[in-house]
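So the chains spell out like this:
Protein chains: 4
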Amino acid sequence: MPPAGFHDIAHLGSVELFSPVPEETRDFFVDLMAMKEVHRQGDSIYVHAWDDYESYTVKITGRDQAGIGRTYLRAASPEALQRRVEAVEAAGLGAGWSKTEYGHGPVYLFTDPDGHEMGFYYETEWYEAGEEDRPSLKNQASAFPGRGANVRRLDHVNYLASDVPAARDFMTGTLGARPTEQIVLDDGTPAAMWFSVCNKSYDLVFTSDWLGARGRLHHVAFATDTREDILRAADVFLEAGIHIETGPHKHAIQQTFFLYVWEPGGNRIELCNAGARLVLAPDWKLITWTQAERAKGQAWGLKTIESFHTHGTPVL
Amino acid sequence: MPPAGFHDIAHLGSVELFSPVPEETRDFFVDLMAMKEVHRQGDSIYVHAWDDYESYTVKITGRDQAGIGRTYLRAASPEALQRRVEAVEAAGLGAGWSKTEYGHGPVYLFTDPDGHEMGFYYETEWYEAGEEDRPSLKNQASAFPGRGANVRRLDHVNYLASDVPAARDFMTGTLGARPTEQIVLDDGTPAAMWFSVCNKSYDLVFTSDWLGARGRLHHVAFATDTREDILRAADVFLEAGIHIETGPHKHAIQQTFFLYVWEPGGNRIELCNAGARLVLAPDWKLITWTQAERAKGQAWGLKTIESFHTHGTPVL
Amino acid sequence: MPPAGFHDIAHLGSVELFSPVPEETRDFFVDLMAMKEVHRQGDSIYVHAWDDYESYTVKITGRDQAGIGRTYLRAASPEALQRRVEAVEAAGLGAGWSKTEYGHGPVYLFTDPDGHEMGFYYETEWYEAGEEDRPSLKNQASAFPGRGANVRRLDHVNYLASDVPAARDFMTGTLGARPTEQIVLDDGTPAAMWFSVCNKSYDLVFTSDWLGARGRLHHVAFATDTREDILRAADVFLEAGIHIETGPHKHAIQQTFFLYVWEPGGNRIELCNAGARLVLAPDWKLITWTQAERAKGQAWGLKTIESFHTHGTPVL
Amino acid sequence: MPPAGFHDIAHLGSVELFSPVPEETRDFFVDLMAMKEVHRQGDSIYVHAWDDYESYTVKITGRDQAGIGRTYLRAASPEALQRRVEAVEAAGLGAGWSKTEYGHGPVYLFTDPDGHEMGFYYETEWYEAGEEDRPSLKNQASAFPGRGANVRRLDHVNYLASDVPAARDFMTGTLGARPTEQIVLDDGTPAAMWFSVCNKSYDLVFTSDWLGARGRLHHVAFATDTREDILRAADVFLEAGIHIETGPHKHAIQQTFFLYVWEPGGNRIELCNAGARLVLAPDWKLITWTQAERAKGQAWGLKTIESFHTHGTPVL
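Protein sequence lines, in the order shown, are assigned to chains S, W, A and Y. All you need for my numbering is the position in the first sequence, starting with 1, plus 1. All you need for my numbering is the position in the second sequence, starting with 1, plus 1. All you need for my numbering is the position in the third sequence, starting with 1, plus 1. All you need for my numbering is the position in the fourth sequence, starting with 1, plus 1.
Same shape as in the complex, but just chain S (with noise of 0.2 Å):
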């Protein structure tokens, strides 16, 4: 059985990276991976993927260094943001409302143990298309762009945590997430685990931090609609000079075909295609992988590669 309060949470609705170059962040954005700029403010830059159904997708804000700023995760309805509130007030790790977030009603602020922003919504602006990007079809948000990675949505966050057990206990007890895939050392340890708040397989993951660190990225993904649009992006990141870090290839675990680069400002960026796997079972039973499973490597044989375990944002 999920745990208690599943479904409460809808789905990942945005992520906020910052950029020490936000300008070529929010250009590596637009012209590869096909999002569109919708507004800016103070020092932030908000992008949009064309299909995605709010108002914006990514908010680039400018700092120092990179990493991820907020997560945004909107509530299945006005009940189910209020129970879940409740919850992590409950926690002790509430921080109150806030009401001048871009593109939301009232957001509800708060981080998960390990200390990466998060907040809560439900109300929201959906995406109006304007002249210039009016799709054809009604029941997409915006037009096809047909460019370089041209990622139709956000696809999930994988967190650095310097204690997953903790960022688990979390994620089911206090979110109503449910741990869909987990990788547990030899000693017993979970070093990463991947969590699911809808049907797709995962959506939020954590991954033990090899610096003991708190609050980093690993990596944030998109989601493109075929395998052929990740090999096509190959090509597009190739000719822009944008570091491709590993792939195209498929994971063993969850099975997603991915590729791997680091935007400009060094912020780990996959690209995804699930194909058509989802996680339907209502008692999907958690799988685990071992220490020596892991070593494997991906799916087709190809070594995790050395910065994997590494490289993550800020850079320490």
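Hints are supplied without guarantee of correctness; some may be wrong.
One copy or two, it doesn't matter: identical chains are merged, so the pair holds either way.
[As the list claims (entries may be wrong)] With a straight-line Cα cutoff of 25 Å, these simulated PhoX-like cross-link-like pairs (lysine-lysine) come out:
1) Lys297 - Lys139
2) Lys286 - Lys139
3) Lys139 - Lys304
The set of hints was computed from the structure by calculation and includes no laboratory data.
Following the hints, position chains W, A and Y against chain S.
Okay, now just chains W, A and Y, sitting in the frame of chain S:
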């Protein structure tokens, strides 16, 4: 907001198809769709798609005429099951419990207002791979077959109904399904309606039966991982002498990439791929297509084929 | 055995298209087909596909009516050029040398028996990428654009001809092209004939003009690397308001995966992908399709669209 | 300009592989590569890829050790055959005619300077499909199998050679093949050279043998229609327990999308897809990659796997 009871049905579980040539229908699913025969009982043959987590995907039952038998819907929990049973009983459409259904615990039998047979259950047998189909990756149900259409899982059922508004009221009011898209004729009549019970953009569809008949089938659909799987499948069906009715192409409604064939028993079968499209918004706004919009055909201009409006099973 | 002179023509080099709206035609090729404008001269705009090794791919010339101008054919060597020039002169179809054609050394001008303008040349300018389109991989002509239909190179020209047998005699007897497939009507008349000058299964095609007119165009085709490029292009054209005439689908003849659109000037443009299909046999046996076989439509059952037999340029 | 005699060899015809486990090697080609067993003779099993027009594609011969046997090259005409035979005789590498080779008329036997066995022929048997593999489309050799790696045809052979410069002189001076790309070490030594005999960008490759041995094999490659076929094949090989050595990825050299596996006998087998890339220029300019460029790895950054420089057959 979704209807009350949304999420009580976790997902579409399996479907029974009637066939006058059940062995040929079985060969279609095994040889061309890459399923595996897992059980025989009475006049029925059970076949399983490689990544369905439950024990079977399609129950093929010998009958004089093609058509659809029972649709099996898995509840999200015992409590959810109880709630939906009560709702169906209140609607006067219940037929009591069966404890002899292969692969499931107790199944509550009922019909929709149009007479399509349905069954609710929570307890279910998980598929257990054997020596010959044990997957290399432990997070999939059985080995990747790599042949023919290679469908991953059941996707949706499209029923012909004598009374679409009645079906709509039952789906939303009794089952807690949410409508995501519809066609409404100029006189205000809904001609077809797509319902979702999870994050897939649709699971159950009701299309107006041009003969006014009750309980017939338009098609059953299976999901592939890529559009390329569907292109390859077209060549596979061509060589196998299977009637390709229309496609590959992309629907305007729901944007599904599709191919329609007739299995040897006469039932229309769809292969479908949705890319990364999901309905994540808890308050998704029902999309309405007009008669004129429907007349424009499919997304890239293909005219809807005539037999789409004349062939249903059983053939009358 | 191939005709005498086979291999004297190395390949189809470039093609001139007439357009009543040359700037719109230019935008179609640049914005949607991912070509680059490389030159303007008189009423002509020259555009280049990213992996054509010569200096341009299409010459767009402003004219009152759409249609095809000159087709440029590169000879395999100076000697091969001389041999073909002599053959054309012997056929009485030569028009002498031009030394002022952009991108080429001396071009020998001639027409086919139907009046389509052609030119032979050996000396040619190679495409030189600049700072902004220098490829990361030195074995391609320019940077991978990664936008729109992203066509790699020119593929073939399909001419409408008043007299297909005369075209056949010229193609095989004078140019040394080999026929690889043909449609022959029940009365013995060839209705269309596909000619290859290299290992591609066709480069130049002659289709019987239903109006009996001379010198018209059925379509010009451009090659993409994958079928997925063509599926993506369909979405791109849909959003851009380009008329999609038919496809994506697979031809029975030559098995090409295709999409046909009309560029803003009215000329029919095909996007095509042949997979790994080549004609390697030096003694390839001409494939003949009957009238009945042609009537069956395309490979997967799509009926050939009516406008395929009524739209040619110029429109008469 | 291409070397004298270019086009005398029409294409690579078939290849003989030695295997210590010929039945397992046969099953690899039949079950996973989708070929068909067509003949047995002595210690040899002949298998055919679905769109090779000749009677077989690979001759599997039982031997103590893996390795490559004879490579069969088809001449463009009887005259071309005679010219190449005379050139080989002049080079002192001829071994006379054989009239007993399955599937071919007279075959002129010879070796390259490194001792790899080769055979020239013009007369050949075309593949005749039977009842069970007759294609629906008459322009392909046999029915589309739609299983496993589903390779369409033989693509190329990559030989290990003790003396690459000698191989180069033989290939260009005697066989009339043209080099299209090469790796040249800092000391001026060619480390590998890619030769084309038609419009494919390469057919025969010579790579320097790190052991200085003669007559060994690096790999034999087969062409698929799409990159997706190769991604699917990776899953097929994973399930079948076949050693996946590296890939899927894209080569920088020749830009081929690739996957390398070891067949049960130990020979390295490549699946490759070139997209729409051909070498059409008759005067193609040899591309040279430096030692430093080679060290950068594959197109999208994958480091060349160590075993690529240590595994050849026979294993010494």
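**Q.** List of violated hint numbers, smallest to largest
**A.** none
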